[in-house]
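Trainee: In order, the protein sequence lines correspond to chains A and B.
Quick note, the first sequence lines up with residues 106 to 429 if you use my numbering.
Quick note, the second sequence lines up with residues 43 to 139 if you use my numbering.
Treat the hints with caution; some may be incorrect.
To be verified - Once the Cα atoms are required to be at most 27 Å apart in a straight line, the calculated DSSO-like pairs of lysine-lysine come out as:
id: 1; chain 1: A; residue 1: 109; chain 2: A; residue 2: 278
id: 2; chain 1: A; residue 1: 301; chain 2: A; residue 2: 410
id: 3; chain 1: A; residue 1: 301; chain 2: A; residue 2: 360
id: 4; chain 1: A; residue 1: 197; chain 2: A; residue 2: 278
id: 5; chain 1: B; residue 1: 129; chain 2: A; residue 2: 301
id: 6; chain 1: A; residue 1: 109; chain 2: B; residue 2: 105
id: 7; chain 1: B; residue 1: 129; chain 2: A; residue 2: 109
id: 8; chain 1: A; residue 1: 169; chain 2: A; residue 2: 192
id: 9; chain 1: B; residue 1: 129; chain 2: A; residue 2: 169
id: 10; chain 1: A; residue 1: 301; chain 2: B; residue 2: 105
Stated by the list, open to error - In silico contact screen, one side only, chain A against chain B (beta carbon under 8 Å); selected entries:
id: 11; residue: 121
id: 12; residue: 123
id: 13; residue: 124
id: 14; residue: 138
id: 15; residue: 161
id: 16; residue: 165
id: 17; residue: 168
id: 18; residue: 331
id: 19; residue: 333
What the hints assert, rightly or not - Some chain B residues well away from chain A (every beta-carbon gap over 10 Å; in silico):
id: 20; residue: 52
id: 21; residue: 80
id: 22; residue: 81
id: 23; residue: 83
id: 24; residue: 85
id: 25; residue: 128
id: 26; residue: 130
id: 27; residue: 132
id: 28; residue: 136
None of these hints come from the bench; they were simulated from the model.
The structure presented is a predicted model; accordingly, all values stated were derived computationally and were not measured.
C-beta atoms are modelled at their ideal positions from N, C-alpha and C, and glycine is treated no differently.
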Amino acid sequence: MTLKLRELSMLDDGFNPGHGLCAGCSESVIVRQVLTALENPPVVALATGCLEVSSTRFPDTAWKVPLIHSAFENAATSASGVEAAFKALVRKGRMADRPITFVVFGGDGATYDIGFQWLSGALERGHKFMYVCLNNEGYMNTGIQRSGATMLGAWTTTTPAGSVTPGKPQWRKDMTGIIAAHGIPYVAQAAVHHWKDLMTKVRKAEAADGPAFINVLAPCDRGWRYEPEDTMAISRLAVETALWPLYEVENGKYKLNGPRHKSLPIVDYLESQGRFRHLLRNGDPAVVEEIQGIVDLEWNRLREKCGLEPELSKNEAEAVTSAD
Amino acid sequence: MTQPGAESWVDVPTGGTVVNPGSTERNLTGSWRTKRPVIDFDACSHCMICWVMCPDSCFATAKGTLVSVDLDHCKGCGICASECPRKCIEMVAEGRD
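Kindly generate the complete structure, drawing on both the sequences and the hints.
Mentor: Listed below in structure tokens is the structure:
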């Protein structure tokens, strides 16, 4: 299972240009990487979101693979129906049995909030399909509203930053952990800048014996307020600050795939985006510290699951050395 | 090829089906661009990082080498220039040579 870019570049990525996604959008990059990495012909179900409204403007489509447009909530259900129908037709001898990969693309709104119950049901029924969450931490398609994936302290149009609230007051859901709790064969967290890691995970998800889920961080230059060329840099920062660790859960076994150590403080990530500017400009260190605290806590919990020692934060490490 | 909306209503497929895969290619999103990527092919090692990181599939390849940039569809985001390991892609403002 080697992945070489030069060889991959000779394949058709299945997704044409001319779609209406913003300049610098990471979603089409993820879609191209996923479709290129697949070894079997795919059937795609697409939940409502940025990707759907931009790539399938009637009468056009950017997709060169069979696609079902679902509503916001039921993309996982559509895929499970297609998978069940395919199995039934094969059983009745009306279709040739061949390997097909059923893929679902949904945004964080469709995954974390609106389609959660439907996704959970499809996973529980054990349909063999792969769910890719394009996590841009908000409802960017309708104008940057908060979602269950939006981070604490982030500005959105429904959690404006001002004298009353410092952006979103709640932390985000640990969706990858929630899906892992379903006990499905393959769950992973990936980031768009690390193409090799993402494509390897796609191949593992495709080969899994049952449902698979990949949660991909998809930086959004409009909603996160940064320059379009920084998309990959922001994604890299999220991984290096341990805000978005790269890991996989294969048959219940946790494994870290990304950096094993947290190399940067969360302030570096917050500084890079306009949606957190108010936290630093108005001098709200309490919120920044709260975010760092949660990141440290989640990082150590994850390290524990992966069988690694907890990593001390800078303050804690200094306290230990001064005590010595 | 006909422009979107130019078809008569009798030609529009029923049931919301879309029968022309990949047809967004006729939307020339290159008009969105304010900066265009210019590749220094002498320095390029054909690593294909730009190809895999491009949101608009704009890097034309042949037999594992980089050939050209599709300026009809490039939106000028500049991800290729900032991610190129050899820094051989430069973003040049449109309207200047």
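Trainee: Return the numbers of the hints above that this structure violates; sort them in rising order.
Mentor: Hints 1, 4, 9 and 18 are the ones this structure does not satisfy, whereas the remaining hints hold.
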